[in-house]
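Q: Could you build all of it, start to finish, from the sequences and the hints given here?
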Amino acid sequence: MDLYEYQGKELFRRVGIPVSDGRLAETPEEARRAAEEIGGPVVVKAQVMTGGRGKAGGVKLADDPADAEAKAKNILGLDINGHVVRRLWIESASDIAKEYYLSVTFDRGAKKPLFMFTTQGGVEIEQVAQENPDALIRLHVDPSEGFQPWVARRLVYGAGVEDPGEQKQIAAIVEKLYRAFVEFDAMLCEINPLIVTPDGEVRALDSKFTVDDNALYTHPDIAEMRDTAAADPLETFAREKGVTYVKLDGEVGICGNGAGLSMSTVDVVAHVGGRPANFCDLGGGGNAEGVVDALEVITRDPQVKSIFFNIFGGITRCDEVARGILEALERLDMSTYPIVVRLDGTNAEEGRKILADAGKENIHPEATMLDGARRAVELAR
Amino acid sequence: MDLYEYQGKELFRRVGIPVSDGRLAETPEEARRAAEEIGGPVVVKAQVMTGGRGKAGGVKLADDPADAEAKAKNILGLDINGHVVRRLWIESASDIAKEYYLSVTFDRGAKKPLFMFTTQGGVEIEQVAQENPDALIRLHVDPSEGFQPWVARRLVYGAGVEDPGEQKQIAAIVEKLYRAFVEFDAMLCEINPLIVTPDGEVRALDSKFTVDDNALYTHPDIAEMRDTAAADPLETFAREKGVTYVKLDGEVGICGNGAGLSMSTVDVVAHVGGRPANFCDLGGGGNAEGVVDALEVITRDPQVKSIFFNIFGGITRCDEVARGILEALERLDMSTYPIVVRLDGTNAEEGRKILADAGKENIHPEATMLDGARRAVELAR
Amino acid sequence: MAIIVDNDTRLVVQGLTGSEGRFHGLRNRAYGTDVVAGVTPGKAGQDVEGIPVFNTVADAVEQAGANTSLIFVPARFAADAIYEAVDAGIETVICITEHVPVHQMLKAYTYFRGRGTTMIGPNCPGVLSPGKANVGIIPAEIFTEGAVGLVSRSGTLTYQIGHELTQLALGNSTIVGIGGDPVVGSSFIDVIAKFQDDPQTELIVMVGEIGGDEEEKAAAYISEHVTKPVLSYIAGFSAPPGKTMGHAGAIISGASGTAQGKKEALEARGIQVGTTPTEVAQLVADRMK
Amino acid sequence: MAIIVDNDTRLVVQGLTGSEGRFHGLRNRAYGTDVVAGVTPGKAGQDVEGIPVFNTVADAVEQAGANTSLIFVPARFAADAIYEAVDAGIETVICITEHVPVHQMLKAYTYFRGRGTTMIGPNCPGVLSPGKANVGIIPAEIFTEGAVGLVSRSGTLTYQIGHELTQLALGNSTIVGIGGDPVVGSSFIDVIAKFQDDPQTELIVMVGEIGGDEEEKAAAYISEHVTKPVLSYIAGFSAPPGKTMGHAGAIISGASGTAQGKKEALEARGIQVGTTPTEVAQLVADRMK
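Chains as they are written, first to last, in the numbering used here: chain P, 84 to 464; chain H, 84 to 464; chain B, -3 to 285; chain D, -3 to 285.
Quick caveat, the hints were computed from the structure, so don't treat them as lab data. Source: prediction; values computed, not measured. No residue lacks a Cβ here, since even glycine has one placed at the ideal position from N, Cα and C. Watch out, some of these pointers could steer you wrong.
What the hints assert, rightly or not - Distance ranges between label pairs, derived from CB positions:
1) H/D162 with D/E260: 29 to 39 Å
2) D/E45 with H/G99: 51 to 61 Å
3) P/V206 with B/K285: 54 to 64 Å
A: Rendered as structure tokens:
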């Protein structure tokens, strides 16, 4: 789960990483009030989970509360890479002398947390990594060792931070960032830029924070931060229904059981010349009700023209899936969709029989994955 | 550093281990007031760092505040194994249905924390270990794994605790005790007895808590718990002077540098027929001032008749030691003590020369450890 | 021979009295797996259709001789269950449970890797050695005994490929679902090394998917250490960059995580990659002729 | 040959710019030890009489080729210094610092034991291979090169015994002070195993003291794995039970921790125990004839 800048900063604040004074605002009036409370010039920042908001006009300096209200009016409703701005973070404007970059992320290859630090912050870090790899210090933390102060020293000295005051502040932030990473079960904690003010004060000016979904049960307060309104409504609907769903851009609706098989089904549909409309995974247990939910999600996409069920029963029982398909035909308006069904594995024969007995015209049984994909592609034309 | 029962219970309380309501009292009046505040019958418990206080009459039940005052009067000033009672812990009396034993200690052989648990508590645990070893469940915790809930299950089920309510409470106490052990840098955390009341409530009725001296700098609040008044005044004086000193029961005062050599010197003095008066270690750095301090400590023991300095200079410089001895002769009244001095290692020759030049009658140089020991023993007769 | 589970497997099911544990534990026993014990705290003395239940894994090891554990406990208890099994001396731990928090697995992984324990999963379908033992939720009836070692990050995709192999009359030595989570107990390399040493296995099929760089690493390992033929299938060619498709593991992380990138890395090391499950089965059949 | 430190030792001193680090670092160099670097955070670019100082151990390894570290930092920074050295790839870490908290060492020990690092100390005098290298605070002038391997929990007692050996014209291969703390990086067994494999060492002297059961364990190990003669001295026969004498390690813990108990355990395995330092030196001389 990704957090907004202001949410990540709230977690930073909890572990003691210095951030600027700020307020959340959802209307221009709130932005003005926030600016009044903060005092002095403020920055009005669009809260969207996408990069490049600065270039898109989503971050503006405001001299006074009236200006903040005006800027907020401009930014609210802005579409930044498909994300509509509905929240603003109004924060005290910072004088910036230097911009650094600091992050800790989970490196799945090494199976260890990985720190990255460079004094060349404020830009896309991939660019630094490519153009000036020596400037980007990378350092793993061994989980059985935990955080030790030398890690911060290697980062700070390695990147060539010269000022002792900065060294000390950054070392403290490194340690706190690791604490945030572990305590909040993060997959990524990133500060870009980590600024140094003309007075030599070090502060996190932005935050990127991703929390492990599987650990949210231990952090109910973070789980509540999820902004369901901002997500794609179809994906939100899928989440509510407990269906793993990713919208793609084609016409063939796809439903499999298990991520690997579902992904492979998408590939095979593309391989035989079709355009998959989505990735949809019933998951391991898939019962009849889950099938109805999945079909409800898939058919909400107006682009879908045909549907391909590719089921290989393990724990999932094919008879349950067949029953679910018939149930969906009863409950949803699905008469316009040709549904290609391939069933194999646990109780496959019963499943096929249930569908055959139902005698529905728009149900097209196929024996193999490849044939099923071909048929679904044909029927989508 | 060993803690009193009431101090250990304070730490138990901090991690959430249930203990009875109690108050500290240093006078009979305070005991009465404590009993009034607590209400109902109380137990008046001598706070001494030695076992067997119950048998020695140091623990008494009191029905009401007046009784508590009377019992306190009896117990205060009592000598229990050489420890004079100056503090009392007045706590709400508990109904006891069962007495268990639980501890976690540092097992230096295995280099791991070791839990021990038995339902046969309230008695000397060594006795259980000998007579009924299967009843005492022992379980190591791997430091790199940390505490995991299965550890508590192994202890509770292994010891045959049958009641689910007890199982749950004890498992929680096991986890908290480990937290106390790690967080407070303990060498030992012991609860004997861990009681079960007739209502099925589990509580720590006593505590034995030893904290690593080397870690006290991270726990200033625990360091302040040290009761300097209760310790042997000579050893307290030695601690204040920074001298490692253990009183023994003979006539030959001994001073070495380094624990191993000092210990060996004690052995050699005993080996040649003498009775060592003490163990005294100048430590690694031993300068002249440290030598004066050591002699001040040693000569406070009225049993001492002769003194043997056995120094093998490494970091310690023998000329410094020699200067320290002469300095002590100036500042302390030491004319009655024959002082045998054996110097070897760093700057030994200078040291010997300094002593020879001083021409003190009661300084007896010797060339070897063995000869020095023999001479010191002779001179103590 | 086969790998990881076989006729010497003496299985304890952690969570045997739960609905899934019971269903699959009994199914595994019905297949012929020697299920010697179950563990559910507080339920010692009970049995599940004759399988004795113990309070702790240590008891199951001591009293029933268990050497392999199958974990079916809920996610929040999974790490504890893994530690309990490892510390009780279990040699092989297979964890089916999904949704185990990454940080918990990270710590557990670092711990058990140092002790020679073979760990499979979490979030995996388990391990099946056809004709010998089935430990987990793989539907054994799809597979037959044979010479193809199959290792996969995905469950159902493995069944699909196994099914295609069976259609072509090809059997398997062992089918290993290593799981799709970011941190799993055994990597492709760990399992492929075992297949290389297994006399029954003549050819190895590696079924990968987008995300991470395990396939790329395996390719490098194979070219240096594996003499048996290896074929591969990768899922996720049509996945849009940056989108998660089910497995937390399937997050695109730089070019190395894409299906195309993986295919290229494998082919550069001389490992053929089938485009569909059907094609990969056909490639195996061609090689096994 | 010798063990742990020798002519191949390339030493970095962690805490070189402190007073003790400087004093002993220079003393070790004067003896002939190849002191290639010092580490003090924030002091990179400085030097101590020609020895370059770096900010991190990693820099000292990369830029000066250090392979052995000597730690002189204050107790509260010692665990961090050990981790830093181990993770920078240092092969041998010798920690002189005393008063390191037990829980910190416990965690560090569990960590570095898994990685093949040789760690000596903390709270130890260091390691001296006469004629080759001196790493730590052992006064080298007492010792001469020879065939006796000396391992001890105590510093000054070691000097005493080394001195007595020198008086009898017996030299040492290596003198190892393992330290007196409850958790030290190398045990008697670890060091004795190295002496057994060292061609220069013909006889081993183990200098123990009350507390713990390392001597008892070593006795069992020696009787099974060591073919070279082993002699021993134990300090603390006159220690009253339950009293601590200096080292935290010297706490009597049951009968096994007493000097008498240790002596009996050693003699039961055929290891002679001298009653005084003088006697043990004489026993060595008798054996070496």
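Q: Against each hint, give a clear statement of whether it holds in the structure.
A: Hints, verified against the model:
no.: 1; hint: H/D162 with D/E260: 29 to 39 Å; in the structure: 36 Å, holds
no.: 2; hint: D/E45 with H/G99: 51 to 61 Å; in the structure: 56 Å, holds
no.: 3; hint: P/V206 with B/K285: 54 to 64 Å; in the structure: 56 Å, holds
The structure fails none of the hints (numbered hints given earlier).
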